Amino acid sequence: MVRYAATRLISLGLSLMAASLVIFAVVEVIPGDPAAFMLGMNASEETVAALRDELGLTGSLPARYLGWVTGMLGGDFGTSYTYRVPVSELIAARLWVSLPLALYALALSTLLALPIGMLAAARRGRATDYGIMGLTQLGIAVPNFWFAMLLVVLFAITWPIFPAGGFPGWENGAWPALKALTLPAVALALPQASILARVMRSALIETLGQDYIRTARAKGLTEGQAIRNHGMRNAMIPVLTIVGLQFSFLLAGAIIIEKVFFLPGLGLLIFQGITQRDLVVVESVVMLLVFAVILVTFLVDLAYALVDPRLRHTR
Amino acid sequence: MIALENISLLLSGIPVLRDVSLRIPPGQTLGLVGESGSGKSMTALSVMRLLPDGAKLSGRVLLEGRPLTDLTERKMCAVRGGQIGMIFQEPMTALNPVQTIGDQVAETLLVHGAARRSEAREIAKERLARVGLAPERFPLDRYPHELSGGQRQRVCIALAIALRPKLLIADEPTTALDVTTQAQILELLRELVREEGMSCLFITHDLAVVAEMADEIAVMKAGAVVEQGPTGALLREMRHPYTRALFDASRHCPDRAPIVQDAPLLEVENALRDYPLKRQGLFGRREYFRAVDGVSFELRRGESLGLVGESGCGKSTLTRAILGLEPLQRGAIRLDGEAVSPAMPADLRRRMQVVFQDPYGSFNPRHKVSKLLAEPFHLTGRPADMEARVAEALENVGLQATDADKFPHEFSGGQRQRIAIARALIARPELIVLDEAVSALDVSVRAQVLDLLADLQARFGLSYLFIAHDLSVVRSVTDRVLVMRGGQIVEAGETEAVFTAPAAVYTRELLAAAPVLPTA
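One line per chain: the protein sequences are A and B, in this order. Quick note on numbering: the first sequence equals residues 1 to 315 in the numbering used here. Quick note on numbering: the second sequence equals residues 1001 to 1520 in the numbering used here.
Looking at chain A on its own, in the form it has when it is part of the complex:
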């Protein structure tokens, strides 16, 4: 197990290095002067030169890359050109919205999807199964911003239980913050849960055809016991894969939902960074997201090994 984790950790490090190189190359090396790009077409020679200096674009390529990477390792992501504050501060503030939102949505989606998928698998080919499959089809087909608007109309306007948008911040207590995140989390979770429920169903149905389920039935387990004791754990690998992918998506891909609910999240930050040509912000946030994705992949890999002893293989 330790060896398995160690090899995964090494691959995590290598992936991070490769990703940082690619991002660095895309933003800084590829033709076109980043400083000129940021300032637009009408900028004078002197302002471009000044910005180049400010951005640290004057050294050699390896030196600049090293400077960027070591800076990030020390928590220094550079200074935003438009906001005039350290990027790390910008990111930290946004992360306190995006991370809880992603976790909230993921928890909702998983808690919703797993039982539904199990139920559909247990009642496969019957009315319940067809009903669930139809609903999840709808959940995938309908865009999440439409759900979001529907939720606002229902639960913020018709029955004003939750706020329609905005974020009060965590310093005013956890309850108002969670309340503000509830509708966005639900809107994000519904399509994700639909996908996950379908994956859960098909993974479980596949394991139910396996010989060891027949052995379990021959031991005297009921169908339900056979599903719970033997089917679930074997069906977890594809489910974990999708959960990992969904978390990465939720962290950065919530931009439309952030827009609908006026939430100051990472998605909006990167969107503003791009429109305002603030390359320092874009570069750092992209790197952070890449790090998050790779980290989640690592955690999912570890989870695989916990689920499946064949991956540990220590003896």
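Take these hints with a grain of salt, some might be off.
Only some residues are given here: those of chain A computed to face chain B with a beta carbon under 10 Å [unchecked claim]:
{"hint": "1", "residue": "Ile213"}
{"hint": "2", "residue": "Arg214"}
{"hint": "3", "residue": "Arg217"}
{"hint": "4", "residue": "Lys219"}
{"hint": "5", "residue": "Asn229"}
{"hint": "6", "residue": "Ala303"}
{"hint": "7", "residue": "Val307"}
{"hint": "8", "residue": "Arg310"}
Coverage of chain B stretches by chain A, computed from C-beta distances (three or more under 8 Å per stretch; other residues unrestricted) [unchecked claim]:
{"hint": "9", "stretch": "1069 to 1082"}
{"hint": "10", "stretch": "1104 to 1114"}
{"hint": "11", "stretch": "1135 to 1141"}
{"hint": "12", "stretch": "1156 to 1169"}
It should be emphasised that the hints constitute simulated quantities derived from the structure, not laboratory data. As the structure is a prediction and not an experimental result, all values here were calculated from the model. All C-beta atoms in this analysis are idealised placements derived from N, C-alpha and C, irrespective of residue type, glycine included.
Since the structure of chain A is already known, use the hints to place chain B on it.
Chain B in isolation, oriented as in the chain A frame:
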């Protein structure tokens, strides 16, 4: 005592079992034999009431006088695993790969509320020890993937007998195992039935196995029992023509008059093949597994050469090297004097074709037979008379020229194996490698395919390399035989001489382990 009374079964309206009646007293084994599709397994699943959806069962199953057929599903769950234990054919997949063997044996006790968790583990340990998995070598926290096929089947037996059931159903329990492992598992089952006084329903397609195992035999055909009686008497008398046909087919020996030339066609010289293993630690030395270790032999033109050995002995690796699919680390393989290697020219490849075991998996299901048969032409270029060649190949293997327009699923297993032979034949090869080519076939179909192979050999002067684990088949169709173990050839010689007077210790063990049909 278990009694089946007039069991009939309909699966979505199609009759699968007709009036099956059987009785098995305690301590006795009833062998249920028949070819695939005869209803053997369905009989077992009817007793267990583990039938597919849409099954309609009639008749009565009585266990110690208690009718099981009227029980509710909940009460039936208490019977399964409690009073009836069952083991299956595929020990490799019959156990949950993510649960320890201890947990899986203990589960039988736990779901029936027969023991508390700590007691259940103690009983599991004792039951595993009883089936030959001593706790010192096989602790309860082992996972199935850490065990061999025979050891896994022992775990399956342990969990089936954990509650000392009154009936043990064994559905082809040794079909997927090597002969020596099979002999051990059969011995274990015999002991258990005697000691625990269980009734045993033993299902198999192998008459030799059932002759060794069963006190009584029931022969099934098309969902009905055609003959039933004490083993000795039944095998002596064989009143029903189907029983006789089955018996004759299992011992079938095709008429062969081989014309063997002296010149070698295939030469294998000191072949050596290593597989790299995982590194021990990040910078550890890489270890190698020697799959084929200095093998040398010759196959002469017109000869049938057998290659036998148990799983893991290196047969498959050697076969891949002979087919030029994998390189050797040392040594040489020559076909008619030309070097065989992954880079060998197409025409050399054409001269050597192969037929594999699985008649279902070895065809692309979306291609028509004509396209499947024409595949070897990529080695030679398409001849102008391709359609005629396809028709000819089909007729040569006893099929119709019109079959070229059909898809593989329209054929039975035996017919598919004929198509596979036709595909090998169409390239006009000199050597055909038969890699367990008849192992998946029913005995009657197997007899026909063996006849076909003998006929083709005589007509086209073919040479065969016949790779199989079934010793009796190898004995009936080969001129010489090689016995392989641990990557080496431990014995080589004329087939009859090797079988009647084996020189190597291992060959003797192998022959002793193989079940033999009593001569009628």
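Now the hints, each set against the structure:
A least Cβ separation of about 8 Å between A:Ile213 and chain B falls short of the 10 Å threshold, and the interface hint therefore holds. With 10 Å as the threshold, the beta carbon of A:Arg214 comes within range of chain B, its nearest partner Cβ sitting at about 7 Å, so the hint holds. Interface restraint check for A:Arg217: the shortest CB-CB distance to chain B comes to about 6 Å, inside 10 Å, so the restraint holds. Checking A:Lys219 against chain B by beta carbon gives a least distance of about 4 Å; that is within 10 Å, so the hint holds.
The interface hint given for A:Asn229 is met, as the beta carbon of that residue sits about 7 Å from the closest beta carbon of chain B, less than 10 Å. The interface hint given for A:Ala303 is broken, as the beta carbon of that residue sits about 13 Å from the closest beta carbon of chain B, more than 10 Å. Of the supplied interface hints, the one on A:Val307 holds, with its beta-carbon coming within about 6 Å of a beta-carbon of chain B, less than 10 Å. For A:Arg310, the interface hint holds, since its Cβ comes within 10 Å of a Cβ in chain B; the closest pair sits about 5 Å apart.
Judged by the Cβ-Cβ criterion of 8 Å, the stretch 1069 to 1082 of chain B is covered by chain A as claimed, because 8 of its residues qualify and three suffice. Under a criterion of three residues with beta carbons nearer than 8 Å to beta carbons of chain A, the stated coverage of the stretch 1104 to 1114 of chain B is upheld, 4 such residues being counted. Residue count for the stretch 1135 to 1141 of chain B with a Cβ under 8 Å from a Cβ of chain A: 0. That is fewer than the three needed, and the coverage hint is violated. Coverage of the stretch 1156 to 1169 of chain B by chain A holds. Counting CB-CB distances below 8 Å, 3 residues qualify, and the rule asks for three or more.
The earlier numbered hints that this structure contradicts are 6, 11.
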